[in-house]
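Mind docking chain D on chain Y? Use the hints.
Keeping their order, the protein sequence lines are chains Y and D. Numbered by the numbering used here, the letters in the first sequence go through residues 1 to 126 in order. Numbered by the numbering used here, the letters in the second sequence go through residues 1 to 530 in order.
Treat the hints loosely; a few may be bogus.
[As the list claims (entries may be wrong)] Below 27 Å or equal to it, Euclidean Cα-Cα: the simulated BS3-like pairs (lysine-lysine) are:
#1 D:K355 x D:K251
#2 D:K383 x Y:K86
#3 D:K183 x D:K355
#4 D:K253 x D:K393
#5 D:K211 x Y:K119
#6 D:K211 x Y:K5
#7 D:K482 x D:K453
#8 D:K256 x Y:K20
#9 D:K405 x D:K251
#10 D:K256 x D:K383
#11 Y:K20 x Y:K5
#12 D:K288 x D:K405
#13 D:K476 x D:K253
#14 D:K251 x D:K288
#15 D:K256 x D:K396
#16 D:K329 x D:K430
#17 D:K211 x Y:K29
#18 D:K350 x D:K393
#19 D:K288 x D:K273
#20 D:K453 x D:K411
#21 Y:K86 x D:K251
#22 D:K253 x D:K293
#23 D:K329 x D:K350
#24 Y:K86 x D:K253
#25 D:K355 x D:K405
#26 D:K453 x D:K476
#27 D:K355 x Y:K86
#28 D:K396 x D:K279
#29 Y:K86 x D:K183
#30 D:K513 x D:K476
#31 D:K382 x Y:K86
#32 D:K405 x Y:K86
#33 D:K183 x D:K273
#34 Y:K20 x D:K211
[Stated by the list, open to error] To give an idea of the chain Y side of the interface with chain D (calculated C-beta under 7 Å), a few residues:
#35 E12
#36 F15
#37 L25
#38 G85
#39 T87
#40 E91
If you're looking for bench data, these hints aren't it; they were derived computationally from the structure. These numbers were taken from a predicted model, which means no experiment stands behind them. Glycine included, C-beta positions come from ideal geometry on N, C-alpha and C.
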Amino acid sequence: MALSKILIVEDEIEFANMMKIRLELSGYKITMATDTQSGVDAVFNEEFNLLILDLMMPGGGGFALLEQIKDYREKRPLPVVFVTGKTITSEVQAMIGAFQVSALFTKPYDPAEFIQTIKSLAQISD
Amino acid sequence: MKANPQDRAGFMQRINLIWVSVAFGLIYWFLEALREVIVYEKGTLLQRLFAVGTIGFWMRLLVVLVLVLFGVAAQSHRDRFETHKKEQDFLDSHRPSMVWVGLGFSALYWMLESVRDYFLFDNLSLLEQIFIPEMLVFWMRIMAICIMLLFSVYAQNLIDARKKMELALRETNQRLQELDRLKSEFLSTVSHELRTPIAIMREGVSLCMDKGVGPLNEVQTKLLSDTLSSIDRLNRLVTDLLDLSRIEEGKLKLRKSVIDMCQLANKMYEAYKVQAKMKNIHLNLALKDCPVKIYADEDKVMQIFNNLLSNAFRFTNDGGSITLHVINKGSAIQCAVEDTGIGISQDNIKKLFSKFEQVGRVHGPGYKGTGLGLAICKGLVKKHGGKIWAESKMSKGSKFIFELKKAPFPKILIVDDEPSIIEIIREFLKEDGYRLLEAHNGYEAVNLATQEKPAMIVLDMKLPGMNGYEIVGRLKQDMRTKDIPLIVISAFDVDQEKLSHPDEQAAYPVITKPFDRETLRGRIRSILIE
Numbered sequence: 001m002a003l004s005k006i007l008i009v010e011d012e013i014e015f016a017n018m019m020k021i022r023l024e025l026s027g028y029k030i031t032m033a034t035d036t037q038s039g040v041d042a043v044f045n046e047e048f049n050l051l052i053l054d055l056m057m058p059g060g061g062g063f064a065l066l067e068q069i070k071d072y073r074e075k076r077p078l079p080v081v082f083v084t085g086k087t088i089t090s091e092v093q094a095m096i097g098a099f100q101v102s103a104l105f106t107k108p109y110d111p112a113e114f115i116q117t118i119k120s121l122a123q124i125s126d
Numbered sequence: 001m002k003a004n005p006q007d008r009a010g011f012m013q014r015i016n017l018i019w020v021s022v023a024f025g026l027i028y029w030f031l032e033a034l035r036e037v038i039v040y041e042k043g044t045l046l047q048r049l050f051a052v053g054t055i056g057f058w059m060r061l062l063v064v065l066v067l068v069l070f071g072v073a074a075q076s077h078r079d080r081f082e083t084h085k086k087e088q089d090f091l092d093s094h095r096p097s098m099v100w101v102g103l104g105f106s107a108l109y110w111m112l113e114s115v116r117d118y119f120l121f122d123n124l125s126l127l128e129q130i131f132i133p134e135m136l137v138f139w140m141r142i143m144a145i146c147i148m149l150l151f152s153v154y155a156q157n158l159i160d161a162r163k164k165m166e167l168a169l170r171e172t173n174q175r176l177q178e179l180d181r182l183k184s185e186f187l188s189t190v191s192h193e194l195r196t197p198i199a200i201m202r203e204g205v206s207l208c209m210d211k212g213v214g215p216l217n218e219v220q221t222k223l224l225s226d227t228l229s230s231i232d233r234l235n236r237l238v239t240d241l242l243d244l245s246r247i248e249e250g251k252l253k254l255r256k257s258v259i260d261m262c263q264l265a266n267k268m269y270e271a272y273k274v275q276a277k278m279k280n281i282h283l284n285l286a287l288k289d290c291p292v293k294i295y296a297d298e299d300k301v302m303q304i305f306n307n308l309l310s311n312a313f314r315f316t317n318d319g320g321s322i323t324l325h326v327i328n329k330g331s332a333i334q335c336a337v338e339d340t341g342i343g344i345s346q347d348n349i350k351k352l353f354s355k356f357e358q359v360g361r362v363h364g365p366g367y368k369g370t371g372l373g374l375a376i377c378k379g380l381v382k383k384h385g386g387k388i389w390a391e392s393k394m395s396k397g398s399k400f401i402f403e404l405k406k407a408p409f410p411k412i413l414i415v416d417d418e419p420s421i422i423e424i425i426r427e428f429l430k431e432d433g434y435r436l437l438e439a440h441n442g443y444e445a446v447n448l449a450t451q452e453k454p455a456m457i458v459l460d461m462k463l464p465g466m467n468g469y470e471i472v473g474r475l476k477q478d479m480r481t482k483d484i485p486l487i488v489i490s491a492f493d494v495d496q497e498k499l500s501h502p503d504e505q506a507a508y509p510v511i512t513k514p515f516d517r518e519t520l521r522g523r524i525r526s527i528l529i530e
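Isolated chain D, as found in the complex:
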């Protein structure tokens, strides 16, 4: 059984008041019992047990039992109320209850003992009785009661304080989560609602500007072009807000595949070449150890590059240069966009990746940022399990670096007894960067699937020994393998009903033999990306 720290804390709190009283009661009881035997040592054990003097022993036993029962009852009473909604109110009004239990019991016990002591030593005056050696036990008892009382008050205070703190934390946490959810929900609803009017404005203005609905004079053209660029800016803001809210809500799902970072950097270079020429900026590529393969979401990595590059272009002047770096660091890949632009001060570097922090905002006309680009970059990099940071020197330039960890590429299990088919699949999977597991019969397949937990299984239905239906049946019964996606290869019609689990509606993708290499490749890719 796994116990998380919270469960353990709750368990300790629940149980310790009962056990404190039980343990104390038992120790006391044994000590007293020992004393009884020593004091009344005449007669057999049976005689001693029913001697007049032993009545104290029985009373004590009774009291201990009452104490234990009472402790259990009080604790379960408390437990019941603690789960109640008005926990806080209950805690406030019933706080001293356990203290009073201890106090009440102690006072009762003390009185009973005193009465008994009085009868035992009745030839002495009360004052004399207090100071005779036999009264040592009485004083010890008083001391023990005091210690117990102090201890229970202290323990109760500790528990109360922790309870209160936990309660307050939980409430704050809930409130914050609720607020955050509302904010994100509001943001995404509003953004969707904004898109249609933006689309109408944009389409109307651009129809006029395309002069399809009539000629325009110079002033009209200028006014419409300014309007269009503002509409585009508004649209960027909405898109960025939506992106960010999806990242923050955790709704963003990465569609990972094996990509070559060098190839991707090249793509970015091609996309920005024209813009660089127009602005008279030297755009360079600095790639090392190509190809550099990584398992990541290509679109999202491109989005990171796009954000960093558009920033670099905005803050680099004519004649400057921008360099795209890709460095293979062994266990990670470092990518960077370096410019010779205006630079960022040390104070501002810290604020860069926060929302709506526009450091060195460009005034006047031209392309305007949304102040969300770097926050989105940070979110996307984090989602990949990487980190992003910036280095800069004022008026020398800036370098934005992000590092993505090289996660192991997914494994794919191929189950087929024909070596030629395995060979075809092996060839293109190697090209795509996936790791391959091979099984030639059902037993191997089931064993490998449970041990290696592949990301996908490609299964030929016709196999010697255990056939395809049996293999699927076994895989679906095992908790460890039942969620692994399957592609079925068969020369015959596949009985989907026989294949699928009764709880599942979805049919498995079937590739019929003879199959087209690219069809299978496409199927595998699309399933892995999901």
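Chain Y with its partners taken away, still in its complex shape:
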């Protein structure tokens, strides 16, 4: 059974660690990056089944990252989930539509709902 691989790009390391623990408990293999550029590098180096991004990060944040991997995502589908502490404005809503973000969670999220969403987006393949 191949593990489904998730990349977490989040600059709040404590929070990223906790997401990692929770997702590993559900059977995912987690890679972490703490800024926009290393997130982009990770996407190009390794194949992932899902991206979990923070909206605001050093080096531009989630949308800047998506802009850089736009061509990559056109060739290979890569679902994206946002986790943010920011209030969702209509501009953010519009960007989410434009970049085809699958789900958006505000901090703190409801763990059950979070895991449910991740499961539906990154099914563990046999």
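For chain D alone, coordinates are given in the frame of chain Y:
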């Protein structure tokens, strides 16, 4: 030209000192001129004008001109300084200037006239001169000068008082606005900063409680569960504070669509059914005249219901009941949450909708409110142009009612020459509650767009006569129609550059024929909601 009251007041103040002096000067001048003609009636008009006695007339004219020029100069000098930052200081130090202008002129004029009078009646003593009938004019002049002086002092005082008041008001207003802005900004920044640590605490505690990182004993579980509920309470407070600050800042934008209140009440009923069963509370629905459609923000109306329902659950005991009402009142919709709970005293009812007023706060363990719920409800209802109030009897129960006005549903203009396509669109727009305008060619389209101001235009590019590009061009040139959102339907590729206005970057959404009904429906909805 539209003049708002403030502009008008400013204009009146600016102009009236000049005109008072001009008008007075002119009236006086004419009266005197009349008198001159009567007194020196010998000779032709030309002779009279250059007679020795008429010198008074010329002097008077000169003085009136000087007065007018001086008045204009003084007024513009004042105007310049009034726009200056140190307006208040200037006003204080120069306050009597216009009074002195009047006084100075009057004194000068009076002296000149007296000298002239003295020469005219030089066969009489000064005392005799004062009381001869001809001196009546002299006394009248004195009286007129006195009246003018009194009037100018009075007018100046009035103007000064108003200026000062306006200035003080403006300053206070600015200071208050600035303070309010700072408060809101501070609140939203702080709330965002609070969210990450709250998320870390919550995730850490709930990971432990999910026992994924090791077993817990009973005491540990109890401690962690209390911690978790406190974290959740803190999070509610932050969320409510953020919501309220957005409402108060006016940043909150409603995403309106046509919704059925009955359906929404049903949703709320389903969501709270389990909680009601657990607390042994009868949850009822009282809906009348369904469906009751309204143009409102569904999420925000649900937020209002959520706040009212969670209050009702908190203050209603076992065996009590909670009822959701929706009543169609014709021009408005009334919704209510009624409970058989502990009730609210008349004194407390007045305070209910203020921030941080927790009436009948529950002590001990359990779900705690933030004291902001009803203030948020009030803000949301107000944003919809409605009102909210409460009725209650102690130990009998309370009823929270909000009323939303039925705003007219938005109009959508469909421009197409194919009846079948109009038919498809008409069908689902009717279902969604929008009003429909139909145009079959470009001329009709442009006319309807300018007259009816639709909320959106759905335009087929291929039309007889004026084509799609021309129609868009016309619509974008007209101030009345240039901001109306457009959806373009076309069987061919659409040249966006030809379509969009040179100042605009945004491209218009294009739906290609043959189109999927639901795609178009979704597009229309998402654009209207924004």
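Hints, verified against the model:
1. D:K355 x D:K251: At roughly 18 Å apart (the allowed maximum being 27 Å), D:K251 and D:K355 satisfy the hint.
2. D:K383 x Y:K86: Distance of about 23 Å is within 27 Å: holds.
3. D:K183 x D:K355: Holds, at about 15 Å.
4. D:K253 x D:K393: violated (36 Å)
5. D:K211 x Y:K119: holds (20 Å)
6. D:K211 x Y:K5: holds (23 Å)
7. D:K482 x D:K453: holds (10 Å)
8. D:K256 x Y:K20: violated (39 Å)
9. D:K405 x D:K251: Answer holds: D:K405 to D:K251 is near 22 Å, not above 27 Å.
10. D:K256 x D:K383: holds (11 Å)
11. Y:K20 x Y:K5: holds (11 Å)
12. D:K288 x D:K405: holds (17 Å)
13. D:K476 x D:K253: holds (25 Å)
14. D:K251 x D:K288: Outside the cut-off at roughly 35 Å; violated.
15. D:K256 x D:K396: violated (36 Å)
16. D:K329 x D:K430: The given pair, whose Cα atoms are some 22 Å apart, holds under the 27 Å limit.
17. D:K211 x Y:K29: Holds. D:K211 to Y:K29 sits at ~20 Å (cutoff 27 Å).
18. D:K350 x D:K393: holds (14 Å)
19. D:K288 x D:K273: With a Cα-Cα distance of about 20 Å, the restraint between D:K288 and D:K273 holds, given a limit of 27 Å.
20. D:K453 x D:K411: The given pair, whose Cα atoms are some 8 Å apart, holds under the 27 Å limit.
21. Y:K86 x D:K251: Distance of about 15 Å is within 27 Å: holds.
22. D:K253 x D:K293: holds (21 Å)
23. D:K329 x D:K350: Holds: D:K329 and D:K350 sit about 25 Å apart, inside 27 Å.
24. Y:K86 x D:K253: holds (17 Å)
25. D:K355 x D:K405: Distance of about 25 Å is within 27 Å: holds.
26. D:K453 x D:K476: Roughly 13 Å separates the two Cα atoms, so the pair holds.
27. D:K355 x Y:K86: holds (24 Å)
28. D:K396 x D:K279: Holds, at about 18 Å.
29. Y:K86 x D:K183: holds (18 Å)
30. D:K513 x D:K476: holds (24 Å)
31. D:K382 x Y:K86: holds (25 Å)
32. D:K405 x Y:K86: violated (32 Å)
33. D:K183 x D:K273: violated (39 Å)
34. Y:K20 x D:K211: holds (15 Å)
35. E12: holds (5 Å)
36. F15: holds (5 Å)
37. L25: It holds, given that the least Cβ distance between Y:L25 and chain D is near 4 Å, below 7 Å.
38. G85: holds (4 Å)
39. T87: Where the cut-off is 7 Å and the nearest Cβ of chain D is about 6 Å from Y:T87, the hint holds.
40. E91: This interface hint is violated because 11 Å lies over the 7 Å limit.
Violated hints, in rising order: 4, 8, 14, 15, 32, 33, 40; the structure is consistent with all others.
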